[in-house]
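Letter by letter, the chains look like this.
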Amino acid sequence: MTSKNLPVTILLGLLAVGMFLPLAQAGTATGFWLEVLIGGLMAGVLYALVALGFVLIFKASGVFNFAQGAMVLFAALALARLAEWMPLWLAFVLAALIMVAFAWVVERLVLRKLVNQEGVTLLMATLGIAFFLDGFGQTIWGSDIYKIDLGISKEPLLALQSVFEGGILLNRDDILAAVIATLLVLALALFFQKTPTGRALRAVADDHQAAQSIGIPLSTIWVIVWSVAGFVALVAGMVWGGKLGVQFSLQEIALRALPVVILGGFTSVPGAIIGGLIIGVGEKMSEVFLAPILVKAFDLAGGGIENWFAYVLALVFLLVRPEGLFGEKHIDRV
Amino acid sequence: MARTIGDVILAVDAISLSFGGVKALTDISFDVREHEIRAIIGPNGAGKSSMLNVINGVYTPQQGQVTLRGRTFSHMDPHEVALSGIARTFQSLALFKGMTVLDNIMSGRNLRMKSNLLLQALRVGPAEREENEHRRASERIIDFLEIQAYRKVPVGRLPYGLQKRVDLGRALAMEPSILLLDEPMAGMNTEEKQDMCRFILDVNDEFGTTIVLIEHDMGVVMDISDRVVVLDYGRKIGDGPPAEVRANEEVVRAYLGTSH
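Residue numbers (my numbering), protein chains in the order written: chain D, 103 to 436; chain B, -12 to 247.
Isolated chain D, as found in the complex (with noise of 0.2 Å):
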């Protein structure tokens, strides 16, 4: 057991030494490398909140769900043009209510025919709704770039100014997509702990027959599942769109958050927090700080290091760890 970790350990170890090796390094200001770690983190909880989407759906219905990043853009497309006509906050309820509606003719029209299907053609499923939703969002919503005007100032703030020199800028709409996520983070938590619903959903994510056999429709729980997962793609979208604008490329950032979840681990959902901050810090970091390093070490022409440092540390993990952080190791019945 020990010598397994030892591998994680190591890794784990490096990357924290890694973090805090540039303050060793003359010439760091400790607060640029505080802007840093914080960038980090803000971009860290953003990932978290679409690796969540991925992880609630593989737990409950063994799917992996390709139509996340879809989803996100769609419920963002949603909010953001009926928010043009109506306040954010009916636009939110509304667009929840369409996510719902989605998740329901989901489970009638493609779960529910596939149900134990191979693993193989559920994903490709999800594949074809993840093209479905692209277009549609299109269709409906129009394919603008579209501004989700959540009400906060563009001006940073200014913090910590009497420890450090010239004090730390934080982006307002950062501080607010952290404070959102946790709130969704602990209300999701609640909810899957203090309710029978979430004691169903828990049930059912355990083990399917035995949920079955106790009288948990399925059926039921996926709508939920999906329902539930619509609205972590609202907000996602929400947060991710008020910083970017709502525009196609939205959904690429399910691609982001796919290294996170193999770094946390497919069912888990701490682990899809935690591995949302470590790959949101690592990436900040080592384009700010390693970036130089190896570009003047090696004479090569610029950083880049953000865009495949999640997915090389992913890699990393899946020959280390393919479970992850904090999955359920997978053990075949032979």
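No lab work stands behind these hints, which were simulated from the structure alone. These numbers were taken from a predicted model, which means no experiment stands behind them. Using N, Cα and C, we set each Cβ at its ideal position, and we do this for glycine too. Errors might be hidden in some of the hints.
[As the list claims (entries may be wrong)] Dumping the calculated DSS-like pairs for lysine-lysine here, alpha-carbon to alpha-carbon at most 30 Å:
#1 B:K139 to D:K296
#2 D:K215 to B:K84
#3 D:K345 to D:K249
#4 B:K84 to D:K296
#5 B:K139 to B:K180
#6 B:K10 to D:K215
#7 B:K84 to B:K10
#8 D:K345 to D:K256
#9 B:K84 to B:K139
[What the hints assert, rightly or not] If the Cβ cut is set under 8 Å, some of the chain B residues that face chain D in the computed set are:
#10 Q78
#11 L145
#12 P146
#13 L149
Position chain B relative to chain D; hints supplied.
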């Protein structure tokens, strides 16, 4: 309380089930009377678990019907089965491993929970009262099965014998009229087997629950069952009271050379 065996409550009629070319069950018929303990025995691979899974709706037989309280079905749906008061346990444990003993047993109350999602989430009014009621019912079962000390322990951490008890507890929490037990004594030592026998007899006696029990340990079954069905290679080779079955030559032959 004196237990009187009633009318036929559950019957299977000419059930045949195959997977691809492999015949798991061939033309099986038997009935179960209310309040009785009915055992299905047979060597490994005889089709016992398949039979249970047909009754439970996990498998759909190619031929035959299941009659439950006078209603005939060619296919049982697991959810419908649960709704109609049939609970089951599993041979290979199928507990909700991440959950505590109490949560596992509470999950058995799922069908009896009526209040809606929003009230549940807020834990107000009727939802709070309901949760407390189910909690009390679950605590009674925990007392009955003598697992009070483990209430808050995640079941994955309990020893095997106790996990089997929790599995039974979850089924009992449904307050079923028929209880299907899939090898409840498998892998247990003698003492654990005796405990489990006592629980089964008590459930049958105190709550009048009809019990359909699968077991390959012939000795245990003969002591506690009212009637026994014997399967071998997917066929029925014996059916009747224990003494009669024990004297059946074909049954003896099927069991010779196996561990019993």
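request  = Taking the numbered hints from earlier one at a time, note which ones the structure violates and give those numbers from smallest to largest.
outcome  = 7, 10, 11, 12, 13
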